[in-house]
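Colleague: Required output: the full structure, derived from the provided sequences and hints.
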Amino acid sequence: MIRVVIAELRKLRRPSLLLGTIATVGGLSALFTSIVFLMIDSEDGNTKRGESIGPKELSEAIGLVYGFKLVGVFLGVVALCIFASQTAQEYSLGTLRNLLVRQPSRMKILAGKFIAMKLFALVMVLFAGALSIAISFALAGRAKVDTTEWGTSAAMHILFESALNIFLATLCFGTFGMILGLLFRSPISAIAVGVLWNLILENILAALINSTRKWLPGINFANLGEGGYPDLTYKHSIAVSLSYLIIGGAIAAILFKKRDVAN
Amino acid sequence: MNKTGTVAISASDLTKIYGERAALSHGSFVVPSGSVCGFVGPNGSGKTTTIRMLLGLITPSGGSATVLGESIKHPEKYLPRVGAMIEGPAFYPALSGRENLKVLAELGGFPLSRVDELLAKVDLADRGGSKFKTYSLGMKQRLGIAAALLPNPELLILDEPTNGLDPSGIQEVRRIIKDLANGGTTVFVSSHILSELEMICEYLVMLREGKVIFSGRTQELLSAQKPMIIARPEYEVDLTKLTNTLSEAGYQITIVDGALQIAAAKEASAEINRLAFDSGITLSSISIVLPTLEETFFEMTGDNK
Chain A
1 MIRVVIAELR
11 KLRRPSLLLG
21 TIATVGGLSA
31 LFTSIVFLMI
41 DSEDGNTKRG
51 ESIGPKELSE
61 AIGLVYGFKL
71 VGVFLGVVAL
81 CIFASQTAQE
91 YSLGTLRNLL
101 VRQPSRMKIL
111 AGKFIAMKLF
121 ALVMVLFAGA
131 LSIAISFALA
141 GRAKVDTTEW
151 GTSAAMHILF
161 ESALNIFLAT
171 LCFGTFGMIL
181 GLLFRSPISA
191 IAVGVLWNLI
201 LENILAALIN
211 STRKWLPGIN
221 FANLGEGGYP
231 DLTYKHSIAV
241 SLSYLIIGGA
251 IAAILFKKRD
261 VAN
Chain B
1 MNKTGTVAIS
11 ASDLTKIYGE
21 RAALSHGSFV
31 VPSGSVCGFV
41 GPNGSGKTTT
51 IRMLLGLITP
61 SGGSATVLGE
71 SIKHPEKYLP
81 RVGAMIEGPA
91 FYPALSGREN
101 LKVLAELGGF
111 PLSRVDELLA
121 KVDLADRGGS
131 KFKTYSLGMK
141 QRLGIAAALL
151 PNPELLILDE
161 PTNGLDPSGI
171 QEVRRIIKDL
181 ANGGTTVFVS
191 SHILSELEMI
201 CEYLVMLREG
211 KVIFSGRTQE
221 LLSAQKPMII
231 ARPEYEVDLT
241 KLTNTLSEAG
251 YQITIVDGAL
261 QIAAAKEASA
271 EINRLAFDSG
281 ITLSSISIVL
291 PTLEETFFEM
301 TGDNK
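Those protein sequence lines, which keep their order, are chains A and B.
Counted from 1, the first sequence has number 212 at position 212 by the working numbering; the numbering is strictly sequential.
Counted from 1, the second sequence has number 25 at position 25 by the working numbering; the numbering is strictly sequential.
Possibly wrong hints are sitting among the right ones.
Stated by the list, open to error - Taking lysine-lysine pairs in the DSSO-like style, the calculated list, with each CA pair at most 27 angstroms apart, reads:
| # | chain 1 | residue 1 | chain 2 | residue 2 |
| --- | --- | --- | --- | --- |
| 1 | A | Lys118 | A | Lys257 |
| 2 | B | Lys178 | B | Lys121 |
| 3 | A | Lys108 | A | Lys235 |
| 4 | B | Lys77 | A | Lys258 |
| 5 | A | Lys235 | A | Lys118 |
| 6 | B | Lys211 | A | Lys108 |
| 7 | B | Lys121 | B | Lys140 |
| 8 | B | Lys121 | A | Lys258 |
| 9 | B | Lys226 | A | Lys257 |
| 10 | B | Lys131 | B | Lys121 |
| 11 | A | Lys257 | B | Lys131 |
| 12 | B | Lys211 | A | Lys258 |
| 13 | B | Lys102 | A | Lys108 |
| 14 | B | Lys102 | A | Lys118 |
| 15 | B | Lys226 | B | Lys266 |
| 16 | A | Lys118 | A | Lys56 |
Stated by the list, open to error - To give an idea of the interface, some chain A residues facing chain B are shown, with a C-beta separation under 8 angstroms as derived from the structure:
| # | residue |
| --- | --- |
| 17 | Leu99 |
| 18 | Ser105 |
| 19 | Lys144 |
No lab work stands behind these hints: they were computed from the structure.
These figures come from a predicted structure and were not determined experimentally.
C-beta atoms are modelled at their ideal positions from N, C-alpha and C, and glycine is treated no differently.
Modeller: This is the structure in structure tokens:
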């Protein structure tokens, strides 16, 4: 399986994908973090859904990761697209047959791909976090935010916990993308369905029927990244997310193992 | 059978059914170890389906097969010793040729040093660093052959390896196949260029509409076909007279390039010569030719369009 992971990493580190991802993730991280600090006095708000967060709140330990947490869900969408395209393209390019001739164990191929993409997602999250924190420090003075609390052990604990949660949410979105890639076998279809579902359809559904919010996969994945809320707990989101991913993953894995490779 | 008497591929009643259509129906054939075996049949006759079953990519609906002595139910036992190029080369367009081969070398656990060695072998050493998407069809095909050679295979399965290659590329593939065969590698190769196969294949498996219609030595197949006697009169003006004489004697004749093609057993050549002489016609040449593989193929498959 290690061989599959190494081979997959070679594909993932190709300049077009690696630089494209770094640019996207970096851009998103810089954008959301900058908005928090640069629009601190704006009447339109400086955080999600037009809410405002002021210098006082940002000066607390959590202020260190505020921008990073905002970008979390978008990292998930990026991961969904990458996991989906990297999986589905093996079918659309016809390269799966080469992989299976060199490594006939389909489960090893699948597991190796998953591990390699997990590592890629980890790098992506760490890069986004590091950039967000650097920008936060750089813009704190301009926004009159005191950064004394950001160096405390409490802040480090929050940083570690947030990074872990965002990584977990990113993995959930990515795995969801990988499942779609295996089911649709076409990168465009898998990405379109994944993005439409998570960014649009789930929100419409949740707005129309509020009770569905607790049970929709994307909302629960995103909730993991944000660390949970009183009305939608972290524990609940873990259970719902795992249920979706275990059932979906099992179906996709069985299909991958049994399906003829005819293209 | 070959000198050692072992078989590289053996299929028995191998069947693959899609819905109500049989892509391969009860296919039985043997490919002796160390031989170069051609796999021929019209488009849609089941060649690629058969190759995919042998490589564990498709599950048969019935029958059985072994590759290098192992059942195709356990491809992990023989695939490390098999090289394959199936239905044209498929690689990652954004990776270079070299990187593409490295992905497969890492996956199969082969030394990365083989990559440059193989790029040189298929004449891609100077373009190994270019992205696959910039390659011409011939270059893509050559990279596919290099990938198939990665494991230093005991059995090489090539599906249309000369597609898109220019004459020198075709000659190069022929040379590679011959070299491998001389080194003891079994080569199972499908191609539409039957003249190529005739030159390099000692064995043939022929498919038509999902059924194996011939499996055996190429020579056995060709010698079982009716030969053709080619008679060329010294003077072209005698062509019509000779045609009439031989037609009256009951021969079926076609005129091609100033010569008569007569469908007859080789024993008839003496009588043809005598009939010409009796009519006052001198033949500048009379020869017996066996039909080519292409002619035999068209006759057997009925696909002569």
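Colleague: Are the hints correct? Go through all of them and say.
Modeller: To see whether the hints hold, each was checked on the structure:
For the hint linking A/Lys118 to A/Lys257, the alpha-carbon distance of about 21 angstroms falls within 27 angstroms, and the restraint holds. Distance check on the hinted pair: B/Lys178 and B/Lys121 sit about 14 angstroms apart at the alpha-carbon level, within 27 angstroms; holds. Among the hinted pairs, A/Lys108 with A/Lys235 is inconsistent with the structure: their alpha-carbon atoms are about 31 angstroms apart, more than 27 angstroms. A distance of roughly 19 angstroms separates the Cα atoms of B/Lys77 and A/Lys258; the hinted pair therefore holds under the 27 angstroms criterion.
Taking the CA atoms of A/Lys235 and A/Lys118, the gap is near 22 angstroms; set against the 27 angstroms cutoff, the hint holds. For a cut-off of 27 angstroms, the pair hint linking B/Lys211 to A/Lys108 is broken: about 35 angstroms separates their Cα positions. Distance restraint check for B/Lys121 and B/Lys140: the Cα-Cα separation of roughly 14 angstroms lies within the 27 angstroms cut-off, and the hinted pair is therefore satisfied. For the suggested pair B/Lys121 and A/Lys258, the alpha carbons sit about 37 angstroms apart, so the restraint of at most 27 angstroms is broken.
With a C-alpha separation of about 50 angstroms, the suggested pair B/Lys226 and A/Lys257 falls outside the 27 angstroms cut-off, and the hint is violated. The suggested pairing of B/Lys131 with B/Lys121 holds, with an alpha-carbon distance near 19 angstroms, which does not exceed 27 angstroms. The straight-line distance between the Cα atoms of A/Lys257 and B/Lys131 is roughly 31 angstroms, outside the 27 angstroms bound, and the hint therefore fails. Distance check on the hinted pair: B/Lys211 and A/Lys258 sit about 26 angstroms apart at the alpha-carbon level, within 27 angstroms; holds.
Taking the CA atoms of B/Lys102 and A/Lys108, the gap is about 18 angstroms. The hint holds against a cut of 27 angstroms. Proximity of B/Lys102 to A/Lys118 is assessed by CA-CA distance (about 21 angstroms); at most 27 angstroms being required, the pair is judged to hold. Straight-line distance between C-alpha atoms of B/Lys226 and B/Lys266 comes to about 9 angstroms, which keeps the hinted pair within the 27 angstroms bound. In summary, the hint linking A/Lys118 to A/Lys56 is not supported, as the alpha carbons are separated by about 36 angstroms, beyond the 27 angstroms threshold.
Look at A/Leu99: its Cβ gets to within about 6 angstroms of chain B, closer than 8 angstroms, so that hint holds up. Against a cut-off of 8 angstroms between C-beta atoms, the interface hint on A/Ser105 holds, since the closest Cβ of chain B lies about 6 angstroms away. Hint status for A/Lys144 relative to chain B: violated, with the closest Cβ pair at about 46 angstroms, above 8 angstroms.
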